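Colleague: Put together the whole structure using the sequences plus the hints.
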Amino acid sequence: MIKKPKKYSVFSLVRNALSYHENWQPAWRNPEIKKNYDAIIVGGGGHGLTTAYYLAKNHGIKNIAVVEKGWIGGGNTGRNTTIIRSNYLWDQSAALYEHALKLWEGMSQELNYNVMFSQRGVMNVAHNLHDVRELKRRWNANRLNDIDCEWLNTEQVKKFCPVINTSPNIRYPVLGATLQRRAGTARHDAVAWGYARGADAMGVDIIQNCEVTGINVNNGNVTGIETTKGTINSKKIGVVSAGHTSVIAKMAGIKLPLESRPLQALVSEPVKPIIDTVVMSNTIHAYVSQSDKGELVIGAGTDGYNSYTQRGGFNIVEDTIMAIVELFPIFSRMKMLRHWGGIVDICPDASPIISKTHINGLYFNCGWGTGGFKATPGSGWVFAHTIANDQPHALNAPFSINRFSSGELVDEHGAAAVAH
Amino acid sequence: MRLNNNKNLNKKKQISFYFDGSKYQGYEGDTLASALLANNIHLIGRSFKYHRPRGIISAGCEEPNGIVQLEQDEFTEPNRRATEVVLYNGLVAKSQNRWPSVNFDFGAINDLLSPFFPAGFYYKTFMWPPKFWKTYEHFIRQAAGLGVSPKKEDPHKYEHYHYHCDVLIVGSGISGLYAAKIAASEKLQVLLVEQESETGGSILSANNLNNKINGQSQNEWKKEILEELHSYKNVKIITSITLFAYMHYNYLLGIQDIDPSRGNKKNNSIRQVLWKIRAKKVILATGSIERPITFNNNDRPGIMLAGSVSKYLNGYGISLGKKIIIFTNNDSAYQTAIDYHNHNIKVSAIIDIRNEIDGDLPSLVESLGIKIYSGYVVSDTSGRKKITSVTIRKFEEKDSNKKNTEILECDLLCMSGGWSPTVHLFTQSRGKLKYREEESCFIPDQPHQQTISVGACNGIFDLKNILEDTRKSVRNFLDCKSNDEKIEIYDAEEINVGKQQNSWLVSSKDKISKSKMFVDFQNDVTAKDIKIALSEGFQSIEHVKRYTTNGMATDQGKTSNVNALGIISELTGQDISNLGTTTFRLPYTPVTFGAMAGRYVKEFFDIERTTPMHEWHLANDALFEDVGQWKRAWYYPKNNETLNEAVNREVKATRDSIGILDASTLGKIDIKGRDVSEFLNRVYTNAWSKLEIGKCRYGIMLGDDGMVIDDGVTTRLGEHHYLMTTTTGNAASVMGKLEDWLQTEWPELEVYLTSVTEQFGTISLNGPNSRKIVESLFPKQNFSGDSFPHMSFKELEIDQVRCRVMRISFTGEICYEINVPSSYALSLWNKCMELGKSFNITPYGTEAMHVLRAEKGYIIVGQETDGSVTPVDLDMDWIVSKKKYDFIGKRALYRSDTSRKDRKQLVGLLTTDPSIVLEEGVQLVEVETALPMPMVGHVTSSYYSPNLGRSIALALVKSGLNKKGTKLIVPTSNESIEVEITDPVFIDPKNERLLA
Amino acid sequence: MLLINCPYCGEREQEEFSCGGEAHIERPKNPPELSDDQWADYLFLRQNIKGLQFERWNHSFGCRQWFNVARNTATDEILAVYHMGEKPPKLESNDPITPCGEPKIGSGNFSTSKK
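Protein chains in written order, with this note's numbering: chain A, 1 to 420; chain B, 1 to 996; chain C, 1 to 115.
Treat the hints with caution; some may be incorrect.
The calculated DSSO-like cross-link candidates involving lysine-lysine, where the alpha carbons are at most 30 Å apart (straight line), are [said to hold, decoys possible]: (1) 499/B to 114/C; (2) 293/A to 94/B; (3) 29/C to 884/B; (4) 272/A to 884/B.
Some, not all, of what chain C presents toward chain B, calculated at C-beta under 8 Å [claimed, not checked]: (5) 34; (6) 36; (7) 43.
If you're looking for bench data, these hints aren't it; they were derived computationally from the structure.
Please read all numbers here as calculations on a predicted model, not as lab measurements.
Even for Gly, the Cβ is constructed at its ideal location relative to N, Cα and C.
Modeller: Now the structure itself:
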């Protein structure tokens with residue numbers, strides 16, 4: 001029997017404080033693995049957990065296992081720079097990311113878990129006439145797609161973010177910026193934990209430390225998976241394993257248009273509030289925000305080669321810091337406290353794949369590259385729909401694997417924070 | 001209190017410094033921490049969450065509490081560890097995270113409310129009402145953060161330094177020095193680095209009476225060995241450098257403070273140097289870090305690590321208390337009692353968890369008459385801003401109560417929970433650790449790179465073994481050829497060390513959940529928090545870390561990580577070795593952004609490429625546009641002209657008479673070889689076999705996905721000699737791509753590529769009078785249309801300088817592009833200006849160039865294209881060969897989506913109101929609807945055309961080629977503008993001007 | 001940062017090189033005869049191996065020559081460098097123990113030997 005978790009509230013906090021916090025319940029169970037599930041999600045990151053959550057919630061499929069190699073949220077969900085926005089250029093992307101953004105806006109209440117979604121705005125800065133033209137194109141497209149977006153001139157940029165260097169005499173002067181006010185940041189770990197707790201409450205089994213070693217296919221139909229903890233059967237398997245997707249796909253004999261690359265990020269030591277928004281520059285490769293704890297959160301670019309080591313070259317980090325110091329000379333004396341890397345799976349058109357395959361019951365959700373975190377709830381929503389109905393949701397129909405054959409790519413290189 | 005019997009100190013200069021506004025005295029050689037402690041200042045700051053009073057606990061980079069805001073204004077730096085700051089005259093430091101003062105801090109109310117702020121409480125609250133998170137967040141952010149960010153530009157400079165050596169030795173303690181001596185005598189290039197400003201490592205904490213090496217005191221030994229090392233030319237010793245990263249292929253990074261004792265406050269002086277070291281072999285001698293013990297209220301000022309207390313005593317001559325109690329689970333802390341005894345100060349009591357105490361040091365201490373409470377623990381402490389007493393009881397009793405406890409007064413509590421080898425760099429090098437039960441510590445197991453660990457960082461803690469192990473393993477690692485005798489063998493007295501006994505948690509009268517047993521001091525993580533995390537299902541060590549924030553403070557868990565593992569192990573019954581550790585991430589200690597950026601800031605952030613005529617543009621008031629790394633003249637305003645006025649003038653003059661453009665930035669690739677025409681056939685969409693010598697041809701280059709990546713004119717200079725031009729921005733990538741094809745796919749082709757972009761300056765003369773100028777420049781040449789037609793080339797001479805003259809055009813006017821060796825380009829430019837005077841020759845910039853080419857419907861790759869546009873989309877079907885079996889990009893054009901007829905296609909646009917100039921990037925719709933509004937295209941280029949007296953635009957529109965004559969709407973943010981789809985060629989569609 | 005042994009110049013810092021992705025993907029000689037799927041396979045589909053991978057590198061800030069590298073993507077170890085057009089060498093590599101797991105040593109993703 002699944003015990004419904006107690007709701008978090010001011011009262012529950014006080015009650016638990018008075019009992020010295022001895023009575024908190026597990027946020028999710030540590031379940032026994034069943035032999036059969038109605039659906040198995042491979043990968044316990046944000047996208048996998050939201051997929052399970054929405055399968056249970058929107059589609060009534062509750063006998064689900066989320067199978068995770070390590071610990072939930074330990075991949076890119078817990079390694080990104082937490083930027084959330086929907087100001088994408090193409091209609092297809094804009095619709096998908098905007099759907100996600102709307103889900104972000106109600107997420108803490110929906111989950112009864114504070115994911116600290118902070119709508120502090122995201123600025124995309126232009127440094128030359130080409131940038132201005134491209135960002136204005138995006139701004140206009142966003143506006144007509146009903147996505148909030150504003151154009152700020154240099155003075156308005158300075159007003160919105162006073163610590164940015166707007167001197168016209170620097171190597172890459174700020175010529176303007178787009179601003180999406182509804183965009184912002186969130187507490188990344190909390191997203192995984194909140195959805196895990198929510199999914200678990202509906203009966204989803206979250207199985208950690210369980211690595212998939214094989215995919216069983218019979219006559220073109222998927223029948224289950226092999227894992228380090230034995231065989232688990234299901235007729236529907238959704239693979240959401242980010243950097244390792246190609247390795248999983250290979251188990252089913254599928255080759256994908258993906259490359260796994262290191263992506264690095266870092267935080268500074270914590271300081272009192274100094275920057276109240278998210279600043280991104282595509283041209284000089286820098287983006288920065290300040291966490292609620294006070295650390296400057298800075299994302300670097302991808303390394304130029306495939307790697308599964310979650311390590312990259314220091315030259316990439318240096319390049320990013322140079323760009324940060326160019327944009328924010330006052331941060332020169334700040335210090336890098338912690339640096340880390342993740343493995344991102346990159347598609348040739350910088351857009352994801354959320355798709356059926358030629359094997360019945362086997363689905364892939366991958367290729368989010370450097371920008372998957374912001375899509376977490378929307379990705380799960382449409383992937384759950386795809387798995388439940390064996391056909392894509394209108395929002396992810398453009399993101400099928402077939403586009404690489406037909407040529408109908410959704411080229412978002414310009415919109416990605418990191419040009420890859 | 002400074003002991004006045006310290007001889008070393010008396011020789012040193014007294015200097016003054018400021019802490020929280022008050023002036024104090026210290027000595028040269030002090031750290032800020034030692035100077036504060038010598039002045040009896042123990043309360044240094046407030047903790048992150050509960051604002052509890054905190055003092056210094058250590059004497060090194062592991063310090064979690066003693067962090068300050070160093071200096072002010074442009075020199076300020078937040079979160080500096082007082083234990084690492086070398087004292088200098090006039091130093092100014094302030095306590096952090098307190099208001100209004102460190103002594104009286106309003107934030108301390110959080111300490112009273114702490115029952116309501118357990119681990120993870122943020123996730124469970126602040127959700128109601130939903131809109132209020134912004135407000136809550138504001139206050140949470142104000143409360144968080146430690147120091148304050150600098151607000152002014154950094155006055156200092158930073159350098160990068162590359163270094164290659166045979167052996168890098170990290171750490172200059174006993175093992176490091178010994179290893180250096182061995183390596184040096186092998187004639188290897190040795191780099192020895194030390195994070196402190198003085199070499200010696202643990203020698204700095206040692207007294208001169210005990211633990212001798214070959215009968216010498218450790219300080220004498222160090223002096224001797226350093227003298228020897230300095231005599232070697234192949235040894236370099238650097239101090240004040242912390243190696244913070246160990247990456248692939250023995251690539252290590254270090255951050256060096258330049259002369260920290262000087263207190264560098266000079267503008268533009270170099271403050272830090274980032275070292276990038278490639279070493280053939282690396283010897284890690286990084287020592288170990290002492291662990292605190294987790295008991296109730298273990299965070300009060302005056303509770304310190306025993307080894308650090310010894311260092312302050314022996315190294316700085318500072319006694320930190322009069323009533324001293326030591327709490328330990330191992331023998332090492334007894335040394336502190338002996339050190340104090342050597343200064344005639346008697347430690348009041350030693351509380352030792354162990355029932356059986358059989359080591360040599362405890363016996364010595366017992367013989368000195370110091371009271372040892374064997375089998376006892378400190379279960380609690382008192383004293384708000386400084387410790388005043390400890391509560392002790394027998395360890396076995398498990399729970400404390402009034403009956404089984406005893407209170408001992410004290411003003412200093414030294415604790416030792418054992419030592420953790422500093423394995424950070426080793427694990428960064430991807431070596432594997434193993435857990436050793438006896439000393440409850442992780443030690444290096446298998447190395448992955450060319451590295452060994454020696455001394456304490458290898459889990460060897462007693463002097464005799466350290467010396468022996470270092471000699472053996474270093475000699476083995478360096479493959480030393482000389483026989484053993486050539487290296488002096490050092491030895492020390494054998495000391496019997498008693499077994500350590502671990503107790504990760506010392507219970508008190510309170511339950512864990514009610515206690516304040518700090519694990520991570522700076523982040524205020526207690527054993528209770530870890531317990532909550534575990535009970536809520538956060539089982540993995542990584543989950544516990546993230547849920548509680550243990551180990552995520554500015555010290556990155558140097559004193560807290562192993563303790564947290566121990567507590568998890570104790571609470572869950574799991575083996576520590578199976579729990580694993582969290583990842584030891586770089587940097588080992590925080591690294592200044594400025595140092596990482598090095599000299600690559602401001603004007604050096606990115607190189608600036610300028611043309612040979614750049615000085616002229618500057619002298620003629622040009623404004624510049626950044627195109628890639630190039631600075632291109634944008635327009636040349638005269639007499640306060642606006643952009644539009646200047647551009648209109650430049651455009652008009654060019655069409656009416658003559659304009660001159662600096663086109664030097666265009667990519668130029670010199671191509672030679674037998675198979676060039678075949679090569680061009682493969683990389684361009686059109687046919688090249690029949691291009692005659694002296695003729696030029698325009699080409700469009702695709703990726704193999706069929707999308708346009710570049711365009712430009714290629715000229716056949718000779719039988720096997722061509723010159724290709726590329727767009728300014730893509731020159732390097734096109735060159736790279738062409739080399740790629742040649743070397744990897746078509747090695748059979750004999751083709752050689754050489755970039756000559758910077759070898760030639762390019763002057764583009766445009767307009768009906770351009771012919772008159774070239775005729776004056778090259779009087780022997782006939783420039784008539786028949787003898788020098790459009791799309792042809794001649795090599796001509798001026799003053800014995802050979803010029804490549806092409807008649808090609810990007811304006812639709814007669815145009816001659818003169819390529820001349822760069823060093824002559826400016827002089828030729830001046831000559832053109834001189835000759836053109838009577839024709840009102842007008843220099844024009846990139847903006848006028850854009851208008852001129854748009855009037856003629858010429859595209860710019862990267863503006864009309866965005867990586868999703870084919871030549872067919874550009875209505876340039878004519879340039880895509882149907883006859884060629886294959887060329888790069890051909891197959892992709894026939895894919896089901898790429899060959900659709902309703903793709904976005906290039907068209908012209910005319911606004912119904914000719915005075916409206918559309919903004920580039922605006923979107924086009926067929927009908928205005930409620931949002932979201934279906935879009936059919938966007939404007940790629942838009943200008944006012946002074947020649948037509950109206951606005952013009954180019955756009956990509958769905959099925960645009962079939963829709964000429966239809967109207968579309970541009971819904972901008974404040975108005976709707978009607979436009980008509982037209983042909984994109986607005987001027988001279990019959991090319992009469994061009995071919996004149 | 002990797003240290004790459006350019007077959008023409010010797011050992012140089014990785015910063016001087018750029019990676020061209022999976023090696024031994026030959027551009028088809030008969031594009032017009034291929035289906036859209038086959039063309040996509042050449043153009044976009046990649047093995048993206050965890051473990052020993054053969055890839056193309058270019059000494060782009062050096063001699064500008066392309067060559068092949070055998071590299072373990074699970075540890076970033078370079079095992080061999082060989083010329084364009086040569087067949088990939090047969091190599092023993094420190095591959096992951098399980099397909100998505102880590103090799104015994106070298107990935108850096110697990111720092112302790114478990115009991």
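Colleague: Hints numbered earlier in the text: which of these fail when held up against the supplied structure?
Modeller: 4
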